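Spelled out, the chains give:
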Amino acid sequence: MTRVLQTLFFLAVRTVVLFVLGLNVRRREWLPERGPAVIVANHNSHLDTLVLMCLMPLSKLHLLRPVAAADYFLANRAMAWFSLNILRIIPIVRKPGERKDGAPGADPLAECHAALAKGEILILFPEGSRGEPEKMTALKKGIAHLAEKNPDAPVVPVFTHGLGKALPKGSFLLVPFFCDIFVGEPIRWPGERAAFMEMLANRFAALAAEKAFAPWE
Amino acid sequence: MTQLSGLTPLQLAIAGIWGILIVASILVFALKRLQPERDHSELVSRTASWWGMIALFTAAFLLSHTLSIVLFALVSFLAFKEYLSMIPTRRADRRVLFWAYLSIPVQYYWVADGWYGMFAVFIPVYMFLFLPFAMLLSQQTEGFLKAVGTLNWGLMLCVFSLSHAAFLLVLPVTGNTDPQAGAGLLLYLVFLTQFNDVAQYTWGRLFGRRPIVPVVSPKKTWEGFLGGLLTTTVVAVLVAPLVTPFGWQQAAAAGLMIAAAGFIGDITVSAVKRDLGVKDTGSLIPGHGGIMDRIDSLTFTAPLFFHFVRYFHT
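Going down the list, the protein sequences come from chains A and B.
Its first residue numbered 17, the first sequence is counted upward by one per residue in the numbering used here.
Its first residue numbered 259, the second sequence is counted upward by one per residue in the numbering used here.
Read the hints as simulated data drawn from the structure, not as lab findings.
Any given hint could turn out to be false.
Stated by the list, open to error - BS3-like mimics (lysine-lysine), calculated; alpha carbons at most 30 Å apart, straight line:
1. A:157 with A:227
2. A:156 with A:76
3. A:76 with A:134
4. A:227 with A:185
5. B:537 with A:227
6. B:404 with A:185
7. A:134 with A:157
8. A:156 with A:227
9. A:151 with B:537
10. A:227 with A:165
11. A:151 with B:477
12. A:165 with A:134
13. B:537 with B:404
14. A:134 with B:537
15. A:151 with A:185
16. A:134 with A:156
17. A:185 with A:157
18. B:477 with A:227
All of these numbers come straight from a predicted model, not from anything done at the bench.
If we strip away everything but chain A, and leave its shape as in the complex, we get (with noise of 0.2 Å):
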């Protein structure tokens, strides 16, 4: 029941997305057929998780699993609900004092690590939050903790722009813009968590750095 409802859910946000929006993708191939994988973005919008959900085929929706924030996401019934079943996210407890697990040693991203096992793909934001719209913060080392217990899972970076002028934090209005997806090669995993990061902040700053976006201040 659930299924066939997210399935007429991300329908709806298709036809959205292709007509109000309008999205200019490069390097769609690169995108991982199947799972293990995980998918980093920069985070800017709501909309960032719809969207790359949306660059899939329908087919593999249900492998689709986007990591979020349980404070945000799970905030009241209504809203987890939908996030667990329509979007079928896996919640991240971001401050270590309200695990519920409690145990200090516990892995928070155990159930991320479960989700690779089965064979899902992931999507994850490393900015941790959207912050200023269309400006890249910091990225999380939770991304190369994920990646260096699990290195047969491609990570793959996607950069994306104008969403956070479409939708930015704290506007309910949809304005129309076309957005920009620019696909990253995938990063094998090279051993190390330092040389990892530093990999995937280049990565996203060749993206970055593939057109030069109109002004928005």
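The hints should help you fit chain B onto chain A, whose structure is shown.
For chain B alone, kept in the frame of chain A given last:
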């Protein structure tokens, strides 16, 4: 000329356009076979895109006037979205941009309604006065003039100008009660504008030597422009009896006007792209670039042709 194997003149004209498309496609195919060593991928995707665009236009055209008007509204929306995505905008103006988008369905409603008085003033008077007011409410004065100026210009180009093409569908033409009269004029305008683009490009590619405005658009040459102008005018005279009320003199004048205005529209959008440092306005139509790259000339020919018809035939 009115009845040929049971087709109306309009259907005949559309059949003719498909004929040209098929011949052009065969030529491209032959070129590919004759020169396999050269890269024809842009020409091929261009031609493929023409099939899509002409199919869409034909479908809307044959199904209903309303559908054709909706199609033009959609083209205006895509062009305006492309424009706003390409130019610098201010975060504070998000709401104002939303109002500007909303003017598209309203403007095309006046078209469907055939209310010329409102159609002619809604954007250049009411939106022109409303948008700066909506913009000042954010109290961000830095960049105000540039923001309101670029927004108005885009709205005029992508929505107001283009909606004149759609208004041809509902324009009552003197002494002609045929409900397809407007459709014939619209087809004439769109066909000649696009034909002129291709003709100027082809003449330019074959004989182009002397550039006209090299800084703006280095590939536009006098040879291309004049060759296109002449070809378009001849075609305008030849097809006029089929779908328009024009005599040959008027048809020639319309052809000259469409060819010249189309050229100016094309280089105007080129100047905008130069200013912004972009090559194409977008990537919506494979081989052509963005939708603005395809309709740039139409934004100039549509209002001029519309008033030409309105002056002489209403």
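Comparing the hints with the structure gives:
The straight-line distance between the Cα atoms of residue 157 of chain A and residue 227 of chain A is roughly 27 Å, inside the 30 Å bound, and the hint therefore holds. Taking the CA atoms of residue 156 of chain A and residue 76 of chain A, the gap is near 28 Å; set against the 30 Å cutoff, the hint holds. Restraint check for residue 76 of chain A and residue 134 of chain A: the C-alpha separation of about 14 Å stays at or below 30 Å, so the hint holds. The suggested pairing of residue 227 of chain A with residue 185 of chain A holds, with an alpha-carbon distance near 24 Å, which does not exceed 30 Å.
Distance hint between residue 537 of chain B and residue 227 of chain A is fulfilled; the C-alpha atoms sit about 11 Å from each other, no more than 30 Å. Distance hint between residue 404 of chain B and residue 185 of chain A is fulfilled; the C-alpha atoms sit about 25 Å from each other, no more than 30 Å. Annotation: proposed proximity of residue 134 of chain A to residue 157 of chain A holds, straight-line Cα distance about 23 Å (limit 30 Å). The hinted pair formed by residue 156 of chain A and residue 227 of chain A meets the criterion: a straight-line CA distance of about 25 Å does not exceed 30 Å.
As the CA atoms of residue 151 of chain A and residue 537 of chain B are separated by approximately 24 Å, the hinted pair is consistent with the 30 Å bound. Simply put, residue 227 of chain A and residue 165 of chain A have alpha-carbon atoms about 34 Å apart, too far for the 30 Å limit, and the pair is violated. A distance of roughly 37 Å separates the Cα atoms of residue 151 of chain A and residue 477 of chain B; the hinted pair therefore is violated under the 30 Å criterion. Between residue 165 of chain A and residue 134 of chain A the CA atoms are separated by roughly 14 Å; this keeps the pair inside 30 Å, and the hint holds.
With a C-alpha separation of about 22 Å, the suggested pair residue 537 of chain B and residue 404 of chain B falls inside the 30 Å cut-off, and the hint holds. The straight-line distance between the Cα atoms of residue 134 of chain A and residue 537 of chain B is roughly 45 Å, outside the 30 Å bound, and the hint therefore fails. Proximity of residue 151 of chain A to residue 185 of chain A is assessed by CA-CA distance (about 12 Å); at most 30 Å being required, the pair is judged to hold. Under the criterion of a C-alpha separation no larger than 30 Å, the hint pairing residue 134 of chain A with residue 156 of chain A is consistent with the structure, at around 25 Å.
For the given pair, residue 185 of chain A sits about 23 Å from residue 157 of chain A by alpha-carbon distance, which is consistent with the 30 Å threshold. A hinted pair counts as satisfied when its Cα atoms are at most 30 Å apart, and residue 477 of chain B with residue 227 of chain A qualifies at roughly 24 Å.
Hint violations for this structure: numbers 10, 11, 14, all remaining hints satisfied.
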